[in-house]
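Colleague: Protein sequences, first through last, are from chains A and B.
Residues in the first sequence are numbered consecutively from 53, following this note's numbering.
Residues in the second sequence are numbered consecutively from 53, following this note's numbering.
Note that these hints are calculated values from the structure, not bench results.
A few of these clues could be false.
To be verified - In silico BS3-like cross-links for lysine-lysine, where the CA-CA straight-line distance does not exceed 25 Å: (1) B/198 <-> B/77; (2) B/240 <-> B/262; (3) A/191 <-> B/88; (4) B/88 <-> B/240; (5) B/191 <-> A/262; (6) A/271 <-> B/77; (7) A/271 <-> A/88; (8) A/191 <-> B/191; (9) B/271 <-> A/77; (10) A/262 <-> B/77; (11) A/77 <-> B/269; (12) B/191 <-> A/269; (13) B/88 <-> A/269; (14) A/240 <-> A/191.
Claimed, not checked - Partial list, derived from the structure: chain A residues whose beta carbon lies under 8 Å from chain B: (15) 71; (16) 98; (17) 104; (18) 107; (19) 132; (20) 135; (21) 172; (22) 212; (23) 214; (24) 243; (25) 252; (26) 254; (27) 256; (28) 258; (29) 260.
For glycine and all other residues, C-beta sits at the position ideal for the given N, C-alpha and C.
Number of protein chains: 2
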Amino acid sequence: MKPPAPRIAESAAAVLIGNELLSGKVHEANLVDLAKTLRALGIALRRVVMIPDELEAIAREVALESAAHDVVFTSGGVGPTHDDITIEGVARAFGVRARIDDSLAGMLRAAYGDRCTEHHLRMALVPDGAELATTADDKWPIVVMKNVWVLPGVPQIFRMKLSVVRAWLQGPAAFHSRAVATRLDEGKLKPLLDQVVEAHPGVDVGSYPKWFDATYKTKVTFDSRDASAVDAALSAFVALLDPGDVASVE
Amino acid sequence: MKPPAPRIAESAAAVLIGNELLSGKVHEANLVDLAKTLRALGIALRRVVMIPDELEAIAREVALESAAHDVVFTSGGVGPTHDDITIEGVARAFGVRARIDDSLAGMLRAAYGDRCTEHHLRMALVPDGAELATTADDKWPIVVMKNVWVLPGVPQIFRMKLSVVRAWLQGPAAFHSRAVATRLDEGKLKPLLDQVVEAHPGVDVGSYPKWFDATYKTKVTFDSRDASAVDAALSAFVALLDPGDVASVE
Numbered sequence: 053m054k055p056p057a058p059r060i061a062e063s064a065a066a067v068l069i070g071n072e073l074l075s076g077k078v079h080e081a082n083l084v085d086l087a088k089t090l091r092a093l094g095i096a097l098r099r100v101v102m103i104p105d106e107l108e109a110i111a112r113e114v115a116l117e118s119a120a121h122d123v124v125f126t127s128g129g130v131g132p133t134h135d136d137i138t139i140e141g142v143a144r145a146f147g148v149r150a151r152i153d154d155s156l157a158g159m160l161r162a163a164y165g166d167r168c169t170e171h172h173l174r175m176a177l178v179p180d181g182a183e184l185a186t187t188a189d190d191k192w193p194i195v196v197m198k199n200v201w202v203l204p205g206v207p208q209i210f211r212m213k214l215s216v217v218r219a220w221l222q223g224p225a226a227f228h229s230r231a232v233a234t235r236l237d238e239g240k241l242k243p244l245l246d247q248v249v250e251a252h253p254g255v256d257v258g259s260y261p262k263w264f265d266a267t268y269k270t271k272v273t274f275d276s277r278d279a280s281a282v283d284a285a286l287s288a289f290v291a292l293l294d295p296g297d298v299a300s301v302e
Numbered sequence: 053m054k055p056p057a058p059r060i061a062e063s064a065a066a067v068l069i070g071n072e073l074l075s076g077k078v079h080e081a082n083l084v085d086l087a088k089t090l091r092a093l094g095i096a097l098r099r100v101v102m103i104p105d106e107l108e109a110i111a112r113e114v115a116l117e118s119a120a121h122d123v124v125f126t127s128g129g130v131g132p133t134h135d136d137i138t139i140e141g142v143a144r145a146f147g148v149r150a151r152i153d154d155s156l157a158g159m160l161r162a163a164y165g166d167r168c169t170e171h172h173l174r175m176a177l178v179p180d181g182a183e184l185a186t187t188a189d190d191k192w193p194i195v196v197m198k199n200v201w202v203l204p205g206v207p208q209i210f211r212m213k214l215s216v217v218r219a220w221l222q223g224p225a226a227f228h229s230r231a232v233a234t235r236l237d238e239g240k241l242k243p244l245l246d247q248v249v250e251a252h253p254g255v256d257v258g259s260y261p262k263w264f265d266a267t268y269k270t271k272v273t274f275d276s277r278d279a280s281a282v283d284a285a286l287s288a289f290v291a292l293l294d295p296g297d298v299a300s301v302e
C-alpha cells in the first residue's frame, strides 16, 4: 500500500531481536536511528526491549508492547533461516498464522531469478491480515501487522526503511528541546533544578553531568510538546544562574 | 565489601534507564561492554529493557527482572538531581526505603570537601539492606541490592565498574563460539542449516547475512557452553559445503 494520510501515533515501543546483540558479538546499531526518527516525527519512544531469537519470547513481548503503545517496531529476525522467526512471533502475538504473500513471493522470484528456492520464499511469509507499506522511492514493502512494523536487522537496510516510517506515521505534535550547558556540578544545581521542575510541571527537565569535558560540567535539558513552556522553563532556570556559570544555551 | 569467592550467576538482565536514550539525544554506549563482559564470564545476558526516568517504571522492571534472572544490572539514573531516581526505584522494587549510607557519605565529604552540600549527599543513598562492592583497584563502591547491581550511566565510569563485576561474579561455565563465513546466501544455506540444527540441539546456530561485503555472504555461528559440541556442529556444517563456498573458519 502507498502512504495514505499519515497515521497518528503518540507512543511507541521497540523490540530488538537477536542472540548476537545479547552476546555482545554485534553492537546494536538501529535503535538510535529509530529513536531520532520517532523524535523528529513527534512520536514518544517509551520502551525498548532486547530479546533472543525465541518464538515465545517474541510473541509475548510483541503482544504486550502492541497493547501498551500506539505503534511498535521490531528489528531483526527477518530472513529465510531457522533463526528468523520474527514473522511467526508476530503472527502468534495476534493469534493468527503466517502465510506466503503472493506479491512478496513474486518480488522474490523476480529478484532471485532461477536461484529462487522454496527456502528463499520463506521471506514472503507475513502474519495473516498484515498490510504491506511502501513509498514511491522504496518499493520493497515493510510488513505491518495491526500496529506492529516489522523492520530488518541489517543496519543499512533498517535505515532505508525509516523513510517509509516517516511517510506513514506522525506524532500528534512536534517535540521542542532546548539545553543549557553550565559550569556547576549537579550537587550545586539540584536546589535550582528542583525550583524549575516544580514551577514547570509540563516540561521534562534533564540533568547530564559531563565528566570528561573541560568546557562545562552539567548540561540541563528542557523538553516538551509545548515550545513556549520549554522557553519559559529555560528562561526561569537561566535567571537562577550567575552569568559566569552559563557555558552555552542551545 | 571486598570480593569474596565469585558468586555464580547463570542468567542476567539489564535495565537501561534514561529519557535521553529513548529520545535519541544520546547513543546508548554501555550495553555492548556489559554484554561482552558477561559473555566472557560465562553469564548469559537474556534480556535488556530501556525505560525512562520514572520511579514506577524502574521499580516494576527491576522487580520483574530480579525475580526472573540470577543477576540484574541497572545503568543510569545515579546522581544527586531530581531525575536520578534509580536508587529509589530499586528500593521500591524490594519494598524497602532508601537511606543515607554513612561510609558513602564520608567518601563524598572527603571528595567534595567544603563544597559538599546535602544535595551532593543524595549520592550516598542506598536501598536499605544493600551491600557495597569494591575491589582493591576501585575503592568507589557499586551498590548491590540482593541480585541487582546499580551501575552509573556515564560510559567511562560504567566501564571502570565492570572490573568490579568481573571480580565478584562468574558464570557456571565458559561459552564457546566458532563461526564459518560462507559464500552462499541464506536461501541456499537454509536446508543445510536445518540439518545441523536438528542433529546438534545443544548448540545455538546463528545465521547472519552480510549485505555490503564482497568477501562472504553469510556468517554461520556456533555457540554452546560445551566446546566439543560446538566443534562437532561446525565440522558437520563444513562437511555439507563445497570447499569453494567457505571463505573462512574461525
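Colleague: Tell me, in ascending order, the numbers of any earlier hints that this structure violates.
Modeller: 1, 3, 4, 8, 13, 14, 18, 22, 23, 25, 26
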